[in-house]
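Q: If you read the protein sequences in the order shown, they are chains A and B.
Going by the working numbering, the first sequence opens with residue 1188, and the numbers climb by one from there.
Going by the working numbering, the second sequence opens with residue 1188, and the numbers climb by one from there.
Hints in this document: simulated from the structure, not taken from any laboratory.
You can take every hint at face value.
Which chain A residues face chain B? A few, computed with CB under 7 Å, are given here:
hint	residue
1	1203
2	1206
3	1245
4	1249
5	1255
6	1256
7	1259
8	1266
9	1269
10	1273
11	1274
12	1281
Yeah, the Cβ is synthetic: ideal placement off N, Cα and C, and Gly gets one too.
There are 2 protein chains.
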Amino acid sequence: MSRIVQKFGGSSVADADSIKRVARRIADTKAAGNEVVIVISAMGDTTDELLDLAHRVSPNPTPRELDMLLTTGERQSAALLAMALSDLGVPARSYTGSQAGVITTGQHGDARIIDITPGRIMASLEQGNVVIVAGFQGVAQDTKDITTLGRGASDTTAVALAAAMRADYCEIYTDVDGVFTADPRIEPKARQIPVIGYEDMLELAASGAKVLHLRCVEYARAENVKIHVRSSFSYQPGTWVVDQSEINAKGSAMEQAIISGIAHDTSEAKITVVGVPDTIGMAARIFSVIAERQINVDMIVQNVSREGEGRTDISFTCSQGERGKAVDALNLAKDEIGFSAVMWNDAVGKVSVVGVGMRTHPGVTAKFFNALAAAGVNIDMISTSEIRISVVVDIADVRAAVQAAHTAFGLDADTDAVVYAGTGR
Amino acid sequence: MSRIVQKFGGSSVADADSIKRVARRIADTKAAGNEVVIVISAMGDTTDELLDLAHRVSPNPTPRELDMLLTTGERQSAALLAMALSDLGVPARSYTGSQAGVITTGQHGDARIIDITPGRIMASLEQGNVVIVAGFQGVAQDTKDITTLGRGASDTTAVALAAAMRADYCEIYTDVDGVFTADPRIEPKARQIPVIGYEDMLELAASGAKVLHLRCVEYARAENVKIHVRSSFSYQPGTWVVDQSEINAKGSAMEQAIISGIAHDTSEAKITVVGVPDTIGMAARIFSVIAERQINVDMIVQNVSREGEGRTDISFTCSQGERGKAVDALNLAKDEIGFSAVMWNDAVGKVSVVGVGMRTHPGVTAKFFNALAAAGVNIDMISTSEIRISVVVDIADVRAAVQAAHTAFGLDADTDAVVYAGTGR
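I would like the entire structure built from these sequences, with the hints used as guidance.
A: Right, dumping it as structure tokens:
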């Protein structure tokens, strides 16, 4: 018998029929003798519809009240799933985030989990119930107000509950079969990864792989929660995300791939500050302007100073959504800092190769860049970490870059991957 | 400055525009220097839509989970109303029934309020907020599960909060201008009643007047909460429901109407048990059969025994919804009890004249029956209380009976009443 936390996303519970299908799947897990805790998202487009309603009432809805409103979506799907399980003869109880003891900060719309006090749901579990927790929500420690947890939050709720309830593992059900060596829509030869370490998964998530949210993986690594990412539309085994030491213990280093996967991200913009005086503290002043506006910067490249000019260019990337704010802020500081212009470009893409194997295998960078060159892809920016190499390229070259790297690092499958419709999160 | 609890029903918050309209109205009350507590129902048809969704998922939804599901409707309207108030510069906070301290029994779908612990909302009120409480819901004292309060429950929530928070009065906003001397759709000459005592209001509610629910009036009487029933579509004063002693103190008995109003009810069925052996304990056996099925009986009439036969007939009324169950139960007990047949009729209506004045004015019964006779209405059953006389008549005669009584007791207005569309509850 295992204690299992399972998370189902909005596309898994889009309508009454899919709720009943998910209920049958949960009933199977329970019938196999397991203790089962479910974290559930709102049905299909419910959250978007509620947001729409809020904006019809108010141009700028109060964050506290928006959280009160939006959290009803997960409560509805939780209650409906409990009904469907009861019809299958499986005792089930739904709980709000607050009832389940999900204690958060008070930052409405983007609260962080501080603690889980699972006494009530533990008791319910021990009485033989399937426990169903409304995802994406908690209760603020100080004000006792209802909060939402921000993007990817239901996954994080599931992992946090798995840690607090000492579950054997946490299953994240989505609309793909697991984590792939690349996005199968870009690289048809992408292979499903049977097992991956937290660090590689973190880098892939941070580099644009959408199957798991970064914060969820961070939480899992910190609490050493095993994650099983799998499809709610099939019974195939998915991808296990575990500590690297467990992977190392099972196979020799020789058998492991040097590179776990190739991620890409087309949601970023590139901003170049042109003609920056090449004096001490200039970069600090530029990024202080950006930081004051709460804009997250990803890659930064400072060009070599142009000879004899005493001036340089500094480029960085941020999300396209924040690009306008960043450009405006820089233009306001233009005279004070003394650079000559700000240029920006949304038509870029970032391609990253990720793998803990590169720590012990020199030559990965060279192989990656050679593959890009052979594919005719021009590199615009470069950044590296210990286990990741990222390049920014023209958006038109993203597909070619992913495919070239995928082949170069021996990741190609013999057959094409199956791609499911829908987005699943 | 007064402390006022205001309750708005589903028709007052049917869409985004009506929520904004209600918000402006509340803002006016607040701007006049009052402390304001709002109890809100779910938007328009939300509750019915959620019920529909539940039945698509489950043929027989678990009561606990149905309550979890349905209570989201009021939470949504509460949050939206708080947003709309914030936009008007009025600080507002929404609270679930549980957060507002509405403690109930654990009977899902029909819980009773046991206690209100208003500490949190009192503090919010004292901070200058408009407090908005999701109606129709509470939290079970024992299980801490979310409950719903059954029919008419948002009105009861409002009155219970008014009592617990020592409000000056409780305003129930609906889609009619107040309590009328008769249903204006039946009697166009019906007049709005400016003030009425709890007892008369209780009898009118129990006899079919739909503007206030019985339980809400009972609660108000027990806690001596003044209710102001008024229209959310106009600024006309409505009907005050207060203790009779306050009415007596303000005017001499001479000036008061003997009869407060005429109520009618076409939701009941009449059942007649024919040929009951005229021996001791027969009525007890018949109504034990009914009580075992949890069926509420309203009027009961036992005919005089037919001479020489030693048998009698017993008639009673119950709701049409329970009529089938009652007839089935009686037929099963037919041989054991020894009566000869069960007959039933849904095509009946009950007409009641109500007024504490009849305690001190003999002749009310005679005047009522004479008026019915003059109108050609045949009386089928009669039942009386100290301040009410009810008759059951053929459903085709209900309108004539109401109008005849209304005229006979001097209730006719000079002009016809204005009738609004919609049901409002």
